[in-house]
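Enquirer: Sequence:
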Amino acid sequence: MNHQIKRASMALLLSVFCFVAYAQKTITGTVKDASGEPMIGVSVIVDGTTIGGVTDFDGNFTIQNIPEKAVLKISYIGFKEQKIAVAGKNSINVTMQEDAAALDEVVVVGYGTMKKKDLTGSVASVKTEDLAKVAGANALSAMQAKVPGVDLQQSGGGEAGAGVSMTLRGNRSLLAGNGPLVIVDGVEYGSTLDIPATDIESMDILKDAASTAIYGTKGANGVILITTKRGSAGKTKVNFNGYLSFNGATGIVKPMYGDKEVQRLIDKKNYETAAANGWAFSNAATAADVLTFKLDDGTETLSIYNDKSYTDWLDMILDNSVSQNYEVSVQGGNEKTNFNVSMAAMDDKGLMKGDEFNRYTGRINLDHNINCIVKIGASLSYAYKSNDKRNGGVYNQAQKMTTITHAYLNDGSINATPNPWYAAHCSPLLDEDGAYQRNIESSRFFGSGYLQLNPIKGLIVKSQFTLDRSTSRTGTYQDYHSQARYQSPTTTYIANDRSTGTKYVWQNTANYNKTIAKHDITFLLGHEMSQYVSESSSISGVAGSESYKKSGFYDVSKIQSPLVSTGYTKSSMLSFFARANYSYDGKYLLQASVRADGSSVLAEGHKWGYFPSVSAGWRISEEKFMQGTKSWLDNLKFRVSWGLSGNSAISAYQTLATIQSIVPNSTDKAPMTMANPNLTWEKTAALDFGLDFSFLNGRIYGGIDYYNSKTYDLLYYKTAPASSVFTSTISNVGKTKGHGLEISLGAVPVKTKDFTWDLSASATFARDEVSELADGIEQVVSGTSILKLGEPVSAFYSYDMDGCWGIGEFDKYLAAHPNFEKPQADYGDPGTPKVIDVNGDDKIDDSDKIIYNRSPKAILGLNTTFTYKDFSLSVQTMARLGGYLNYSGYGLYLYDNANWGDLSYWTPENQGADIPSPGATGATPTFYKSAIQIQKADYFKIKDITLSYNLPKNLIKKVYMSNVRIYGSLKNYFTFSHFDNYDPERGGSVNFPLMKQVVVGLNVTF
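Numbered by this note's numbering, the letters in the sequence shown go through residues 25 to 1030 in order.
Hints in this document: simulated from the structure, not taken from any laboratory.
The structure presented is a predicted model; accordingly, all values stated were derived computationally and were not measured.
There's no promise every hint is true.
[As the list claims (entries may be wrong)] Okay, derived cross-link-like pairs now, SDA-like style, lysine to any residue, Cα gap no bigger than 20 Å in a straight line:
1. LYS104 with ASP782
2. LYS360 with LYS486
3. LYS836 with ALA299
4. LYS139 with ASP782
5. LYS574 with TYR510
6. LYS284 with TYR917
[As the list claims (entries may be wrong)] If you anchor each label on the Cβ, the simulated ranges turn out as follows:
7. LYS573 with SER189: 50 to 58 Å
8. VAL805 with LYS573: 44 to 52 Å
9. SER752 with LYS542: 27 to 35 Å
10. LYS777 with SER99: 18 to 26 Å
11. LEU979 with VAL354: 18 to 26 Å
12. PHE895 with MET825: 50 to 58 Å
13. SER954 with ALA798: 22 to 30 Å
14. GLN555 with SER410: 35 to 43 Å
Using N, Cα and C, we set each Cβ at its ideal position, and we do this for glycine too.
All chains should be built: construct the whole structure from the sequences, respecting the hints.
Expert: If you want it as structure tokens, here you go:
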């Protein structure tokens, strides 16, 4: 009987198999756009399966073994998705309609994806074409002035491989960092993004707390989600991207040169003469009176003046450079396996000889469907970096070195002490022959593998394990004849620091989606475990007055009395999280999430933190009473969200008391920090209101967000008990709050068959302030910085300046203010800084200082693209308005016989200048220098101009190419501000200029 049942079952299965095989067929077709042009690379897949492919050069596709009742899903980025039943058809012609509104566009959110129309939080995305324009080491720069709420600055200078600084929705922490969390393929990566921009499929930014709360202790500063490219079924594609960047310095703050420097010395002499004669200026000094010194080879400075053989030090150490970048990727797959393999090489050269950054990366992304239930995959990447750096003191030395000298002596050797007025100023050229060597070499393996199950319809269970392993070596060699050690201590210094970091992350998630009539419900349950271990070792010390340029920092045996240190850190975190999404009829949206984080860095009783969120959305445009607007209104959605997220600013062992050697290498130990077992995470609660809109089939679109946040349990210094040997300890004592308005707007004003004009704009208006400090303290002042209740989190605190005193002006002031108390003996002398007596109490003290907000009031961006047939011209502009910076260029007036910056200083003929007289060598000019440096930071930039040309497809397809794009760009070339020859994006620093680039590149797809 059992055998009969088995034979019958086999016969039945064979019949079903034959029936299915008989019912399958082949479908061919063509996909075109609205103008009738064939579309290449359009995805054509049998809905609910991985069977399918992409269109070829002529927009054609062929798919075999399709069930008779199958439905084809045709999709392409920027176009409306279509589903077509194949029953009774053997061929299909499809016309794609553009969807500028992109409501069905999928964006990445925490531990999943959502359609843009279903979002209830504030999420922004960077366009793929913006990522393609990045010509630098960090792809995060693509967000600048494009994403509302992001304040990104190229503040690292023009050195090779320089990074960026970034905040999202203002400052909130006092001691902890304010940078956002960066996630790559679902795992924390870090702000040093060594991934080529062309490897990135999408970059999504979570801004509101309801979106970031799913990341718990690390989400308070915003989250950037980066997804790398993966393969897809269809024809294998090979992509090549390469560019050359011709680099030059921009915004160089130069020293006085030649005759101008001589005139400064003459003006100084005239001032000193006038000071001794009741401020009667005769201006009788000449060059011969001030140029009385000789160089070491006997050359007279007066003769240098006469024959104009000055030295331009910055011109000698700075040079234009050429950077190169090449990337190749292979992408493809079938209904079972998809792959994407890429390799990239970057050679980024800075503006000084020996300043170079090299990066080599490789990536493999694999996905394989074992069957209809089980899917496995991996993402493996490796990056190797080598960065040769120059001593920053060389540039600073060149800025203040006299130009009334020669760089080389008569015998051709370097003039080691070229300043005859001040022998302590040694030559900036001393490092040029290998006397200074600094190299940072690092490598990183970042790999993950996953197992995904789809046991029943709507349920996806995924387990992913990630290994993040990095190594670094920093070597430093300073010869005893190098610029930094020539004068003192005249010994060779060698250091070799090494570190390794290993991080394990195990994530497990279960996602279930169910649709019942008009109800759509999605549940997410997740668990994450991570562990990080770091080890470090360092050896450093002096190697006598000997030169070891060949062995450099590699041979540490030359160190006479080595200072050795080691370090070990281990920390772990355990997390559980859940999220529920509900949608009714696509109109009413609700989301709630919660995360629990437990960390080893916290003490018992404080290890766990809980971070809930809730958000809701109302798609007003889908209501019945809005049906009359369907002809022009695509989407109108109101959003509101609240969430609690954290800032994991506590490092390992910070809750414990630590001990340290009293002197280096000593066995005698002493307490160095005070224990605080009550430390916990900083937390930010934020409320967000948003409105998304789209009109005229996406021709006009945008969004508006208003947020209000409150951060508490801030880490800051608290006064220790009187019985303690410590004056203070770090505790959770502070509070800050902030609010802001963010606007994004896009439009397609003109669109014809041959010509398109695209516009996109962004605006950010943000405010933040301190609302509570420790122990009832109302303000804390540190140098020129201040924390004060009701004032910005990041602020300067200094005097309000009003230029310099004119001849006889102070006498008139004293007549009107007979009780005025001079703060310094030389205060009021002609050509000295004039301070405003803010409170009018006839004295200058701290009560006259005012607060200057460092953060901008507004960040504006405007991007426009004109496309005519195969030509495209795009222009990116931005403005950063409001806020102040500490402009070090106005501090380049020095009274130590050094050269000055090229500044407009006070003279009897220029009494309206802000910079004091060269002859005013008393205490006043130096005392108020920091106040003079506080300047408005407003600027407007034409950040990027790119002209590109796509070769005709009917021409390139003959050589098996589907796309060839040639482009040229001007980057960072035009800046407008009240500064002369300075780029305020540098943040006030003048120790190295920013870089401008002329980029030419080629993109090819086979």
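Enquirer: Between LEU979 and VAL354, does the C-beta distance stay in 18 to 26 Å?
Expert: Cβ of LEU979 to Cβ of VAL354: about 24 Å, so the range 18 to 26 Å holds.
Enquirer: Given the hint that LYS104 pairs with ASP782, test it: the Cα-Cα distance must not exceed 20 Å.
Expert: holds (19 Å)
Enquirer: Taking only the CA atoms, is the gap from LYS360 to LYS486 under or equal to 20 Å?
Expert: This hinted pair holds, its Cα atoms lying about 18 Å apart.
Enquirer: Mind checking the alpha carbons of LYS284 and TYR917 for me, to see if they're no more than 20 Å apart?
Expert: At roughly 14 Å apart (the allowed maximum being 20 Å), TYR917 and LYS284 satisfy the hint.
Enquirer: At the C-beta level, are GLN555 and SER410 separated by a distance inside 35 to 43 Å?
Expert: violated (29 Å)
Enquirer: Just to be careful, I want the Cα atoms of LYS139 and ASP782 compared with a cutoff of 20 Å; is the pair within it?
Expert: Answer violated: LYS139 to ASP782 is near 23 Å, above 20 Å.
Enquirer: Mind checking the hinted window 18 to 26 Å against the Cβ distance between LYS777 and SER99?
Expert: Once the Cβ atoms are compared, 23 Å apart, the range 18 to 26 Å for SER99 and LYS777 holds.
Enquirer: Has the given pair, LYS836 with ALA299, been kept, meaning a C-alpha gap of at most 20 Å?
Expert: At roughly 18 Å apart (the allowed maximum being 20 Å), ALA299 and LYS836 satisfy the hint.
Enquirer: Could one say that the CB atoms of SER752 and LYS542 fall in the range 27 to 35 Å?
Expert: violated (59 Å)
Enquirer: Range hint 44 to 52 Å: satisfied by the CB atoms of VAL805 and LYS573?
Expert: holds (46 Å)
Enquirer: SER954 and ALA798, beta-carbon distance inside 22 to 30 Å?
Expert: Once the Cβ atoms are compared, 26 Å apart, the range 22 to 30 Å for ALA798 and SER954 holds.
Enquirer: State, for the Cβ atoms of PHE895 and MET825, whether the hinted interval 50 to 58 Å holds or is violated.
Expert: The hinted range 50 to 58 Å holds for PHE895 and MET825, with Cβ atoms some 51 Å apart.
In this structure, the earlier hints numbered 4, 7, 9, 14 are contradicted, and the remaining ones agree with it.
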